[in-house]
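Residue numbers (our numbering), protein chains in the order written: chain A, 1 to 221; chain B, 222 to 442.
It is worth saying that the hints were derived from the structure and are not from the lab. We put the beta carbon where it would ideally sit given N, CA and C, even for glycine. Be aware that one or more of the hints could be misleading.
As the list claims (entries may be wrong) - Below, simulated EDC-like cross-link-like pairs (lysine to aspartate or glutamate); rule was C-alpha separation at most 20 Å, straight line: (1) Lys-321/B / Glu-85/A; (2) Lys-100/A / Glu-306/B; (3) Lys-23/A / Glu-306/B; (4) Lys-244/B / Glu-85/A; (5) Lys-130/A / Asp-141/A; (6) Lys-100/A / Asp-257/B; (7) Lys-100/A / Glu-325/B; (8) Lys-321/B / Asp-99/A; (9) Lys-321/B / Glu-104/A.
To be verified - Label pairs and their calculated CB-CB ranges: (10) Lys-338/B / Asp-83/A: 41 to 51 Å; (11) Arg-264/B / Asp-188/A: 19 to 29 Å; (12) Gln-215/A / Phe-442/B: 55 to 65 Å.
Protein chains: 2
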Amino acid sequence: MNRLYHVALSPFCRKVRLTLAEKKIEVELVEERYWDPSPDFLRRNPAGKVPVLRMDSRLMAESQAICEYLDETLPNPALIPADPEARYEVRRLCFWFDDKFNAEVTRPIMNERVWKKIRKEGYPDSRAVKSGLAAVKFHLDYMGWLLDQRRWLAGDVMTLADFAAAAHLSCLDYISDVDWNRSANVRDWYAKIKSRPAFRSLLADQLPGLPPSPQYALLDF
Amino acid sequence: MNRLYHVALSPFCRKVRLTLAEKKIEVELVEERYWDPSPDFLRRNPAGKVPVLRMDSRLMAESQAICEYLDETLPNPALIPADPEARYEVRRLCFWFDDKFNAEVTRPIMNERVWKKIRKEGYPDSRAVKSGLAAVKFHLDYMGWLLDQRRWLAGDVMTLADFAAAAHLSCLDYISDVDWNRSANVRDWYAKIKSRPAFRSLLADQLPGLPPSPQYALLDF
Chain A
1 MNRLYHVALS
11 PFCRKVRLTL
21 AEKKIEVELV
31 EERYWDPSPD
41 FLRRNPAGKV
51 PVLRMDSRLM
61 AESQAICEYL
71 DETLPNPALI
81 PADPEARYEV
91 RRLCFWFDDK
101 FNAEVTRPIM
111 NERVWKKIRK
121 EGYPDSRAVK
131 SGLAAVKFHL
141 DYMGWLLDQR
151 RWLAGDVMTL
161 ADFAAAAHLS
171 CLDYISDVDW
181 NRSANVRDWY
191 AKIKSRPAFR
201 SLLADQLPGL
211 PPSPQYALLD
221 F
Chain B
222 MNRLYHVALS
232 PFCRKVRLTL
242 AEKKIEVELV
252 EERYWDPSPD
262 FLRRNPAGKV
272 PVLRMDSRLM
282 AESQAICEYL
292 DETLPNPALI
302 PADPEARYEV
312 RRLCFWFDDK
322 FNAEVTRPIM
332 NERVWKKIRK
342 EGYPDSRAVK
352 SGLAAVKFHL
362 DYMGWLLDQR
372 RWLAGDVMTL
382 ADFAAAAHLS
392 CLDYISDVDW
402 NRSANVRDWY
412 AKIKSRPAFR
422 SLLADQLPGL
432 PPSPQYALLD
442 F
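This is chain A alone, in the form it adopts within the complex:
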């Protein structure tokens, strides 16, 4: 059985979970307490990060490297198109979300509102939360602008860029930090992606002591 060592509210793990589910690859999910690393954890990935995928007794780390590998070896359905210009745009947007959006929005908000609570590290720093909530507006506007011109974020077909973006937004949505009224384009896009069978496992996530916001699992939100 394939196994994914993950953390439920990690956008990087969610991108891999969506990719695996879209390609109908079953995995056993194993929750990793990465902030309290065991020697086994560091043996699996010396970088000390999740996700780590064990597949055919091989261990793989780094979400983007894993997703590219899955798309190359299991190309049906393709999440990265064949044309080099289109591939560039998919990757540019994956990095947009995994680097810029993560640094400006996901990491500060989730650190303050979720991880500090779970690790019992004190109270949220409201300045960091405010800065994340201010930045998310710019990002929603940018997504809205892209979706004015395209059906999906990177073009006219759904790609890994949509999964990267949805992975981040779904973590924020779990704690109710997305204003879905800001852009009708973005809400429609998220409704489409949220209703895919690949999304079901994410919508079933429940953190002990931190239940999801009421709209989190609703397809009509």
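Add chain B to chain A, keeping to what the hints say.
Leaving out everything else, chain B in the frame of chain A:
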């Protein structure tokens, strides 16, 4: 003429410069003062980051997306091999350096020792520098361990992973923060890569008011 908007001591710009030079694509280098962004800079890349490559009147951002695009459209010489397992390993290591090494080593050290000075933002925080200098030892050991088993970082041929790693180490070497005596493997690997024609442009970099350390441009260091 192709044009690369860059910052001389950015590892991400250096990875792209090495890739372009290895593929013999000439570019005009335009220094970008990204900390004092002009409207033109944000029009070129709404993410507000370097590098940005203008090629055939097209603008491209995100170093990894640019390098993958260049390798797909100009495959000679290939910097990412054809086999999916090998491609995975190249990408895993690119992210190792551009994410982990950058966060633990390059960013803290360069911020404190270079960028604060250039932007006139006060004195270096010695705790951040110390933490970076402690972390670089672990990374040099990891590289040494990989190079015990392989001729190059990701396998038996030179790949984009070697350029990613060399891009980071060359920035640190400019300010003399690499202990080349720690691992003979790593020193030999860096000597090999440093002697390539693609490296020459990097070795000629000179920052006003911040000359390189004496060994920076020496092939025998």
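Next item on the list: Give me the numbers of the hints this structure contradicts, sorted from smallest to largest.
Entry: 1 and 2
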